[in-house]
Amino acid sequence: MMKKGSVFTGMEIPLFLPKLIIITLTVIVVILGLSIFYFKQLDLSDVEGGALSRRFFYSEDCMAYSDGERVYPGIIDLQKFNQERLKRCYENYEEGYGFNFILKNSQETNIREIKATNIPIELCDVESKNFGCFREKQYILYYENGKINGGTVLSTVILYGN
Amino acid sequence: MVTKKGQESILTDAPGLSVLIMLLIIFVLLMFFAKSSSLHNSKLSGPYLESYNDITLLNYLRTQVEIDINNDNKLDVINVADLISLVSSDEKYKPKLIEVTKRILENTAPFDRSGWNLQIEKDDGSKLIEFNTKPLSWNYYSSNISIPVRENKIVSVKLDLQML
Numbered sequence: 001m002m003k004k005g006s007v008f009t010g011m012e013i014p015l016f017l018p019k020l021i022i023i024t025l026t027v028i029v030v031i032l033g034l035s036i037f038y039f040k041q042l043d044l045s046d047v048e049g050g051a052l053s054r055r056f057f058y059s060e061d062c063m064a065y066s067d068g069e070r071v072y073p074g075i076i077d078l079q080k081f082n083q084e085r086l087k088r089c090y091e092n093y094e095e096g097y098g099f100n101f102i103l104k105n106s107q108e109t110n111i112r113e114i115k116a117t118n119i120p121i122e123l124c125d126v127e128s129k130n131f132g133c134f135r136e137k138q139y140i141l142y143y144e145n146g147k148i149n150g151g152t153v154l155s156t157v158i159l160y161g162n
Numbered sequence: 001m002v003t004k005k006g007q008e009s010i011l012t013d014a015p016g017l018s019v020l021i022m023l024l025i026i027f028v029l030l031m032f033f034a035k036s037s038s039l040h041n042s043k044l045s046g047p048y049l050e051s052y053n054d055i056t057l058l059n060y061l062r063t064q065v066e067i068d069i070n071n072d073n074k075l076d077v078i079n080v081a082d083l084i085s086l087v088s089s090d091e092k093y094k095p096k097l098i099e100v101t102k103r104i105l106e107n108t109a110p111f112d113r114s115g116w117n118l119q120i121e122k123d124d125g126s127k128l129i130e131f132n133t134k135p136l137s138w139n140y141y142s143s144n145i146s147i148p149v150r151e152n153k154i155v156s157v158k159l160d161l162q163m164l
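Chains as they are written, first to last, in my numbering: chain A, 1 to 162; chain B, 1 to 164.
With the rest of the complex left out, here is chain A (with noise of 0.2 Å):
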């Protein structure tokens, strides 16, 4: 028997209960409503792909003119433009990435291509394909016999994993 005034709390847990069980409910759909913007997964292939194509424009080790005292960025040595440097300039990624470089004149004409992959490049046009391709076009200036030309090059970086 209860005396009175004494207070059972095993009352009062069935009676809270409810409250309990929506108040749980409200704060798991919070939770997940902003789980889905701190999981979000973030397209990373147009940085990676950028960075590697940069790489062919940049180093010294790729294609990027050297007058023996500094590099020109963006200047083409048209010299290095062949299979070897390639292969030399992306020695360290040869797993998993493929590599296309078009080398066209001012007058949209292919002066040279070099590549380290076996998929064609027109393969990057097929919406249903198991890897990823970063594509661009940059504006360049190269040398050839000693003067300088302008032209494109026609990247393709193709990354197996994505």
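Because the hints were derived from the structure by calculation, they are not lab data. Mixed in with the good hints there might be a few duds.
Computed list of lysine-lysine pairs in DSSO-like fashion (alpha-carbon distance at most 27 Å, straight line) [said to hold, decoys possible]:
1) B:96 / B:122
2) B:122 / B:153
3) B:153 / B:94
4) A:19 / A:80
5) A:104 / B:158
6) A:137 / B:96
7) B:74 / B:158
8) A:147 / B:96
9) A:137 / A:147
10) B:127 / B:96
11) B:94 / B:134
12) B:102 / B:153
13) B:102 / A:104
14) B:134 / A:104
15) B:153 / B:92
16) A:115 / A:137
17) A:137 / B:74
18) A:80 / A:129
19) B:127 / B:102
20) B:122 / A:137
21) A:87 / A:137
22) A:147 / A:129
23) B:94 / A:147
24) B:96 / A:104
25) A:104 / A:115
26) B:102 / A:147
27) B:134 / B:74
28) A:147 / B:127
29) B:92 / B:102
30) A:80 / A:104
31) B:92 / A:137
32) B:74 / B:96
33) B:92 / B:158
34) B:127 / B:92
35) B:153 / B:127
36) B:134 / B:102
Put chain B on the given structure of chain A with help from the hints.
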């Protein structure tokens, strides 16, 4: 609603419960749509595009142009930066600058839907040339270079890469 003992029961307060459930559903839907609309923003490309823009502007200014400067019927080879310097003091070279600029910029774009805006401006604010191929919105990258010209003046060249 209040029970006999004076205690509130949320289960018996049907309108309040309905409002709460509706608010939760609206919250979940808002989060879902907000995520869907922000998917294109989660494709990061800024760091690479900034250097892309810088190289394009540098190469544009370094491009060699053949032009007869001395009216001796012989073509002189200068670069675009020198041509801009000439245009700042003599407007007769302006058509050549426009022709060269169009040829270079219309031929390059990193993606199909991107566009270029170029402004060449004197230090007094007057514009030498201006190209607007796409209207500027929030998503663009900008590169600036100042060129010293005659009479100790400065001409600024601004290239905007507009992403759509």
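We went through each hint and held it up to the structure:
For the suggested pair residue 96 of chain B and residue 122 of chain B, the alpha carbons sit about 18 Å apart, so the restraint of at most 27 Å is met. The suggested pairing of residue 122 of chain B with residue 153 of chain B holds, with an alpha-carbon distance near 8 Å, which does not exceed 27 Å. A distance of roughly 18 Å separates the Cα atoms of residue 153 of chain B and residue 94 of chain B; the hinted pair therefore holds under the 27 Å criterion. With a C-alpha separation of about 74 Å, the suggested pair residue 19 of chain A and residue 80 of chain A falls outside the 27 Å cut-off, and the hint is violated.
Pair hint residue 104 of chain A plus residue 158 of chain B holds up; C-alpha atoms about 26 Å apart against a cutoff of 27 Å. Our distance criterion of 27 Å between C-alpha atoms is met by residue 137 of chain A and residue 96 of chain B, whose separation comes to about 24 Å. Restraint check for residue 74 of chain B and residue 158 of chain B: not satisfied, since their Cα atoms lie roughly 32 Å apart, outside the 27 Å limit. The suggested pairing of residue 147 of chain A with residue 96 of chain B holds, with an alpha-carbon distance near 21 Å, which does not exceed 27 Å.
Note on residue 137 of chain A and residue 147 of chain A: the hinted pairing holds, with a Cα-Cα distance of about 22 Å set against a maximum of 27 Å. A hinted pair counts as satisfied when its Cα atoms are at most 27 Å apart, and residue 127 of chain B with residue 96 of chain B qualifies at roughly 16 Å. Of the pairs offered as hints, the one joining residue 94 of chain B and residue 134 of chain B holds, with about 22 Å between alpha carbons and a cut-off of 27 Å not exceeded. For a cut-off of 27 Å, the pair hint linking residue 102 of chain B to residue 153 of chain B stands: about 25 Å separates their Cα positions.
The hinted pair formed by residue 102 of chain B and residue 104 of chain A meets the criterion: a straight-line CA distance of about 18 Å does not exceed 27 Å. For the given pair, residue 134 of chain B sits about 25 Å from residue 104 of chain A by alpha-carbon distance, which is consistent with the 27 Å threshold. With a C-alpha separation of about 19 Å, the suggested pair residue 153 of chain B and residue 92 of chain B falls inside the 27 Å cut-off, and the hint holds. Between residue 115 of chain A and residue 137 of chain A the CA atoms are separated by roughly 16 Å; this keeps the pair inside 27 Å, and the hint holds.
For the hint pairing residue 137 of chain A with residue 74 of chain B, the CA-to-CA distance comes to about 34 Å; that exceeds 27 Å, so the pair is violated. With a C-alpha separation of about 32 Å, the suggested pair residue 80 of chain A and residue 129 of chain A falls outside the 27 Å cut-off, and the hint is violated. A threshold of 27 Å between alpha carbons decides the hint, and for residue 127 of chain B with residue 102 of chain B the separation of about 17 Å falls inside it, so the pair holds. Taking the CA atoms of residue 122 of chain B and residue 137 of chain A, the gap is near 30 Å; set against the 27 Å cutoff, the hint is violated.
For the proposed pair residue 87 of chain A and residue 137 of chain A, the alpha carbon gap of about 21 Å is at most 27 Å, so the pair holds. Annotation: proposed proximity of residue 147 of chain A to residue 129 of chain A is violated, straight-line Cα distance about 42 Å (limit 27 Å). At roughly 25 Å between alpha-carbon atoms, residue 94 of chain B and residue 147 of chain A fall within 27 Å of each other, so this suggested pair holds. For the proposed pair residue 96 of chain B and residue 104 of chain A, the alpha carbon gap of about 23 Å is at most 27 Å, so the pair holds.
Between residue 104 of chain A and residue 115 of chain A, the direct Cα distance comes to roughly 15 Å. Compliance with the 27 Å bound is thereby established for this hinted pair. Distance check on the hinted pair: residue 102 of chain B and residue 147 of chain A sit about 22 Å apart at the alpha-carbon level, within 27 Å; holds. A threshold of 27 Å between alpha carbons decides the hint, and for residue 134 of chain B with residue 74 of chain B the separation of about 38 Å lies outside it, so the pair is violated. For the hint pairing residue 147 of chain A with residue 127 of chain B, the CA-to-CA distance comes to about 32 Å; that exceeds 27 Å, so the pair is violated.
Of the pairs offered as hints, the one joining residue 92 of chain B and residue 102 of chain B holds, with about 17 Å between alpha carbons and a cut-off of 27 Å not exceeded. Between the alpha carbons of residue 80 of chain A and residue 104 of chain A the distance comes to roughly 15 Å, so the proposed pair stays at or under 27 Å and holds. Note on residue 92 of chain B and residue 137 of chain A: the hinted pairing is violated, with a Cα-Cα distance of about 32 Å set against a maximum of 27 Å. Our distance criterion of 27 Å between C-alpha atoms is met by residue 74 of chain B and residue 96 of chain B, whose separation comes to about 16 Å.
Proximity of residue 92 of chain B to residue 158 of chain B is assessed by CA-CA distance (about 22 Å); at most 27 Å being required, the pair is judged to hold. For the hint pairing residue 127 of chain B with residue 92 of chain B, the CA-to-CA distance comes to about 15 Å; that is within 27 Å, so the pair holds. This hinted pair checks out: residue 153 of chain B and residue 127 of chain B have alpha carbons roughly 14 Å apart, not beyond 27 Å. A distance of roughly 14 Å separates the Cα atoms of residue 134 of chain B and residue 102 of chain B; the hinted pair therefore holds under the 27 Å criterion.
Of the hints listed earlier, those the structure fails to meet are numbers 4, 7, 17, 18, 20, 22, 27, 28 and 31, in rising order.
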